[in-house]
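When you line the sequence shown up against this note's numbering, it's residues 4 to 724, in that order.
Derived from the structure by calculation, the hints contain no laboratory data.
All values reported here derive from a predicted model rather than from experimental measurement.
Take the hints with a grain of salt, since some may be wrong.
Here are the simulated lysine-lysine pairs, BS3-like style, with alpha carbons at most 27 Å apart [claimed, not checked]:
no.: 1; residue 1: K508; residue 2: K495
no.: 2; residue 1: K301; residue 2: K450
no.: 3; residue 1: K375; residue 2: K401
no.: 4; residue 1: K383; residue 2: K130
no.: 5; residue 1: K570; residue 2: K542
no.: 6; residue 1: K549; residue 2: K486
no.: 7; residue 1: K114; residue 2: K503
no.: 8; residue 1: K32; residue 2: K141
no.: 9; residue 1: K688; residue 2: K486
no.: 10; residue 1: K371; residue 2: K401
no.: 11; residue 1: K583; residue 2: K517
no.: 12; residue 1: K375; residue 2: K422
no.: 13; residue 1: K517; residue 2: K541
no.: 14; residue 1: K460; residue 2: K450
no.: 15; residue 1: K570; residue 2: K687
no.: 16; residue 1: K536; residue 2: K526
no.: 17; residue 1: K286; residue 2: K349
no.: 18; residue 1: K141; residue 2: K114
no.: 19; residue 1: K252; residue 2: K375
no.: 20; residue 1: K149; residue 2: K44
no.: 21; residue 1: K385; residue 2: K374
no.: 22; residue 1: K560; residue 2: K570
no.: 23; residue 1: K187; residue 2: K237
no.: 24; residue 1: K349; residue 2: K371
no.: 25; residue 1: K395; residue 2: K130
no.: 26; residue 1: K508; residue 2: K541
no.: 27; residue 1: K504; residue 2: K536
no.: 28; residue 1: K301; residue 2: K401
no.: 29; residue 1: K583; residue 2: K570
no.: 30; residue 1: K349; residue 2: K383
no.: 31; residue 1: K453; residue 2: K427
no.: 32; residue 1: K208; residue 2: K237
no.: 33; residue 1: K422; residue 2: K374
no.: 34; residue 1: K508; residue 2: K549
no.: 35; residue 1: K444; residue 2: K383
no.: 36; residue 1: K450; residue 2: K517
no.: 37; residue 1: K570; residue 2: K32
no.: 38; residue 1: K259; residue 2: K130
no.: 39; residue 1: K210; residue 2: K187
no.: 40; residue 1: K450; residue 2: K526
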Amino acid sequence: MISTYLGFTLINRDIKSSLDKVASQTQVKRESDYYNAHIGKVETVDDLMDDYRLYSYAVKAYGLDDMGYAKAFMKKVLESDLSDPNSFANRLNDQRYKDFAAAFNFGSTSKDVQSDAQEDELIGLYKQSFTNEEGSAKTESAYFRKAIAKVTNVNELLNDDRLRNYALDSLGIDATYVSKSFLKQVLTSDVNDPASFVNTNGNAKYKALAAQFSFNADGTVANGAAQTAAQTDKMVETYNITVPSFTTKVGAQYNKAYYEANILSVRSIDDLVKDPRLFSYVKAAYSIDPALSAAGFKAVMASDISDPKSYANQLGYAAVVPMFNFAADGTVPAGQDVQTAEQVAKVSANYTARYDDSTTDLIDDAVKNFKKRMDSGIVKIKDLFVSNRDDKDAFNNKMPELTSMALRAYGIDESEVSKTELRKILTSDPYDPKSYVNSLKDDRFVKLAKAFNFDSKGNVSVALQALSANQMSALALDYSDRKTMSLEGPAKDDAVKAAKKDIAKFEDSIGTVKSVSDLLGNKDLVSFMLAAKGLDPKKYTADVLKQAFAADPDDPKSILNKPENAKLRDLVTSFNFDEKGQLSRDGVGVAQNASELRKTGELYLRQTLELEQGESNEGIRLALYFERNADRMTSIYDLMGDRAMFQVITTTFNLPSSISGMDVDQQAKMLKKIVNIEDLHDPKKLDKMLKRFAAMYDVANNTDTTSSASTALSILMGGAR
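Make a model of the complete structure from these sequences and hints.
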């Protein structure tokens with residue numbers, strides 16, 4: 004029989020070659036091929052357990068074949084949510100059960116119309132859209148002022164899309180339904196000639212448009228300019244108070260100027276309420292409901308504000324009453340103005356402070372309603388299209404619809420897409436290059452589809468993220484274990500708290516990752532995942548990681564398949580990225596993702612190798628087992644809790660068998676004096692220790708040959724630890 008030392012050394016020297024030999028065995032290949040061919044058809048735990056060959060392969064891969072008979076127990080393991088510390092698998096001390104649960108998607112794939120990250124992104128973009136809209140109005144206005152001054156012919160205006168659309172938008176004319184030739188005839192018409200083209204063929208909007216420009220009949224400019232300064236000012240003002248969907252800062256300034264220029268011409272309440280801009284200005288200045296009617300406002304102004312039960316006081320609008328000098332009949336007394344200069348200034352100050360309150364309130368209320376409805380049972384796409392008026396909440400009827408908010412968030416006007424087409428977009432797979440939404444060649448629609456999780460049938464499905472829920476849980480557990488390694492007492496308590504904060508931050512951030520670039524561009528995420536895997540950031544730099552994520556895990560010559568990069572390979576392949584570094588569903592399976600399928604296959608080969616070696620030499624099996632699991636050990640108690648690992652330690656250091664009968668804490672105290680847990684994470688120190696184990700095992704079990712005996716003696720004399 005070959006010695007333990009020689010056998011382990013030969014196998015471990017080229018572990019890949021050893022595993023390849025196992026993989027080529029007829030029975031092993033048959034079972035591996037069967038598993039790979041059929042695991043994709045599994046949808047439930049029962050499907051897995053009902054297929055004897057699949058189930059046997061899986062439990063063997065994770066070293067649980069001795070528990071394969073306990074299907075009820077194993078089902079509870081597989082259905083455990085590893086993100087829940089109180090789940091069944093997490094309450095078991097044996098790490099193998101957690102690994103087994105993490106290999107499948109049975110306990111963690113909760114279906115949700117939007118993940119937290121998706122919802123946060125959509126809401127963030129929705130809020131940002133208002134800032135963008137205001138910025139766009141400002142940019143387009145500046146462009147119009149600059150460009151219109153250079154126009155010398157009507158064709159220059161019509162052929163500049165931005166100029167033409169600005170002019171049409173300012174007057175509420177839909178550019179979709181008007182031709183350039185028609186516009187040319189309108190703009191070159193004489194608005195003072197009743198028989199001109201615009202007066203015989205145009206409506207009020209086209210007449211107003213023609214009046215805003217100074218073109219001759221031949222299209223040239225009159226008096227050297229397409230517009231007078233007054234015409235340009237008027238068009239820019241009209242644009243800023245009518246085109247944005249809310250009152251912008253610039254619009255508010257125009258409204259203020261309008262109010263202060265026109266309020267003193269008001270001689271009655273009727274004059275005030277008949278002017279929409281003046282009336283809206285006053286409402287905004289005193290936070291009056293925009294829907295309050297003229298009659299309602301008159302009732303407010305007629306109130307006795309000294310009476311707590313008066314109409315104005317009941318509505319909370321009493322402050323506006325003394326700002327106007329109306330008599331009891333609603334008129335302004337002769338010899339007086341409707342407001343003093345002080346009152347005008349006060350109203351304007353209030354308006355400046357409050358003009359955007361209604362927009363802010365609307366956005367906040369819309370967001371609250373969106374979140375509430377997203378969380379209240381949307382399970383099919385038809386639920387998303389239910390109007391606020393038709394749901395069970397009577398207080399959201401005037402709020403933006405869910406689909407309206409979604410479209411706005413991604414810069415899509417509701418006129419651009421019908422409800423039928425929107426359904427097709429949202430039930431299309433944005434990660435499939437051949438899908439309907441990708442055929443539209445519009446990135447806005449692709450981003451919209453990525454914001455929701457509907458399958459092709461319109462049912463809510465699982466969100467695609469850079470890491471599956473199980474992979475996230477596993478990485479978080481690894482991080483916590485490494486951060487608390489060898490710590491005890493208050494130091495460990497502090498480390499646990501710090502780790503929890505880091506994990507929470509990691510879980511929040513990973514949901515926003517949509518590409519390798521996103522991942523590697525986030526230093527906190529990179530630091531977290533390297534720490535979780537015990538990878539030295541000095542060695543695994545940004546350039547190395549970029550190379551690793553671009554590598555083919557199936558290429559024997561890639562950086563991922565270098566023996567020293569086993570942990571790096573495990574990390575890289577756990578992410579759902581395609582060869583271009585983008586999120587992809589290619590590796591996502593129902594029961595098992597591609598990375599876990601690959602890992603299961605590798606573990607099956609490794610378990611088979613260890614078992615086969617154990618048939619002729621148990622020492623080799625133990626050494627291989629220890630080498631595979633050493634990196635998972637983070638405390639002396641982990642070693643003590645694993646029978647095989649503990650046996651390697653007692654053999655290596657020639658500990659008496661009586662140690663097993665000692666008090667657990669006494670055992671731990673003694674072992675800490677001879678075993679440094681951190682040494683198990685150092686490949687060189689681990690290899691040295693396992694060679695010592697092999698030699699000691701040979702001596703203890705008489706499996707030694709003369710040559711290996713001298714080797715063992717040499718190691719022992721070297722005092723390997």
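Hint check:
1. The hinted pair formed by K508 and K495 meets the criterion: a straight-line CA distance of about 20 Å does not exceed 27 Å.
2. Taking the CA atoms of K301 and K450, the gap is near 49 Å; set against the 27 Å cutoff, the hint is violated.
3. Proposed proximity of K375 and K401 is supported: the alpha carbons are some 15 Å apart, at most 27 Å.
4. Using a Cα cut-off of 27 Å, the hinted pair K383 and K130 holds, with the two alpha carbons roughly 26 Å apart.
5. The suggested pairing of K570 with K542 holds, with an alpha-carbon distance near 13 Å, which does not exceed 27 Å.
6. Restraint check for K549 and K486: satisfied, since their Cα atoms lie roughly 25 Å apart, inside the 27 Å limit.
7. With a C-alpha separation of about 25 Å, the suggested pairing of K114 with K503 holds against the 27 Å cut-off.
8. At most 27 Å may separate the alpha-carbon atoms for a hinted pair to count; K32 and K141 exceed this at roughly 68 Å.
9. Straight-line distance between C-alpha atoms of K688 and K486 comes to about 21 Å, which keeps the hinted pair within the 27 Å bound.
10. Annotation: proposed proximity of K371 to K401 holds, straight-line Cα distance about 13 Å (limit 27 Å).
11. Distance check on the hinted pair: K583 and K517 sit about 12 Å apart at the alpha-carbon level, within 27 Å; holds.
12. In summary, the hint linking K375 to K422 is supported, as the alpha carbons are separated by about 22 Å, within the 27 Å threshold.
13. For the hint pairing K517 with K541, the CA-to-CA distance comes to about 26 Å; that is within 27 Å, so the pair holds.
14. Annotation: proposed proximity of K460 to K450 holds, straight-line Cα distance about 20 Å (limit 27 Å).
15. The straight-line distance between the Cα atoms of K570 and K687 is roughly 15 Å, inside the 27 Å bound, and the hint therefore holds.
16. This hinted pair checks out: K536 and K526 have alpha carbons roughly 16 Å apart, not beyond 27 Å.
17. Taking the CA atoms of K286 and K349, the gap is near 14 Å; set against the 27 Å cutoff, the hint holds.
18. With a CA separation close to 42 Å, the supplied pair K141 and K114 exceeds the 27 Å bound.
19. As the CA atoms of K252 and K375 are separated by approximately 31 Å, the hinted pair breaks the 27 Å bound.
20. Simply put, K149 and K44 have alpha-carbon atoms about 64 Å apart, too far for the 27 Å limit, and the pair is violated.
21. Under the criterion of a C-alpha separation no larger than 27 Å, the hint pairing K385 with K374 is consistent with the structure, at around 17 Å.
22. Among the hinted pairs, K560 with K570 is consistent with the structure: their alpha-carbon atoms are about 16 Å apart, no more than 27 Å.
23. As the CA atoms of K187 and K237 are separated by approximately 21 Å, the hinted pair is consistent with the 27 Å bound.
24. Among the hinted pairs, K349 with K371 is inconsistent with the structure: their alpha-carbon atoms are about 33 Å apart, more than 27 Å.
25. Between K395 and K130 the CA atoms are separated by roughly 25 Å; this keeps the pair inside 27 Å, and the hint holds.
26. Distance restraint check for K508 and K541: the Cα-Cα separation of roughly 23 Å lies within the 27 Å cut-off, and the hinted pair is therefore satisfied.
27. Between the alpha carbons of K504 and K536 the distance comes to roughly 18 Å, so the proposed pair stays at or under 27 Å and holds.
28. At roughly 25 Å between alpha-carbon atoms, K301 and K401 fall within 27 Å of each other, so this suggested pair holds.
29. Simply put, K583 and K570 have alpha-carbon atoms about 22 Å apart, close enough for the 27 Å limit, and the pair holds.
30. For the suggested pair K349 and K383, the alpha carbons sit about 52 Å apart, so the restraint of at most 27 Å is broken.
31. At roughly 13 Å between alpha-carbon atoms, K453 and K427 fall within 27 Å of each other, so this suggested pair holds.
32. For a cut-off of 27 Å, the pair hint linking K208 to K237 stands: about 14 Å separates their Cα positions.
33. As the CA atoms of K422 and K374 are separated by approximately 21 Å, the hinted pair is consistent with the 27 Å bound.
34. For the suggested pair K508 and K549, the alpha carbons sit about 23 Å apart, so the restraint of at most 27 Å is met.
35. Restraint check: the Cα-Cα separation between K444 and K383 comes to about 26 Å, which is no more than 27 Å; the hinted pair holds.
36. For the hint pairing K450 with K517, the CA-to-CA distance comes to about 11 Å; that is within 27 Å, so the pair holds.
37. With a CA separation close to 25 Å, the supplied pair K570 and K32 stays within the 27 Å bound.
38. Proximity of K259 to K130 is assessed by CA-CA distance (about 25 Å); at most 27 Å being required, the pair is judged to hold.
39. Distance check on the hinted pair: K210 and K187 sit about 13 Å apart at the alpha-carbon level, within 27 Å; holds.
40. Between K450 and K526 the alpha-carbon distance is near 25 Å, which keeps this suggested pair within the 27 Å criterion.
When held up to the earlier numbered hints, the structure conflicts with 2, 8, 18, 19, 20, 24, 30 and fits the remainder.
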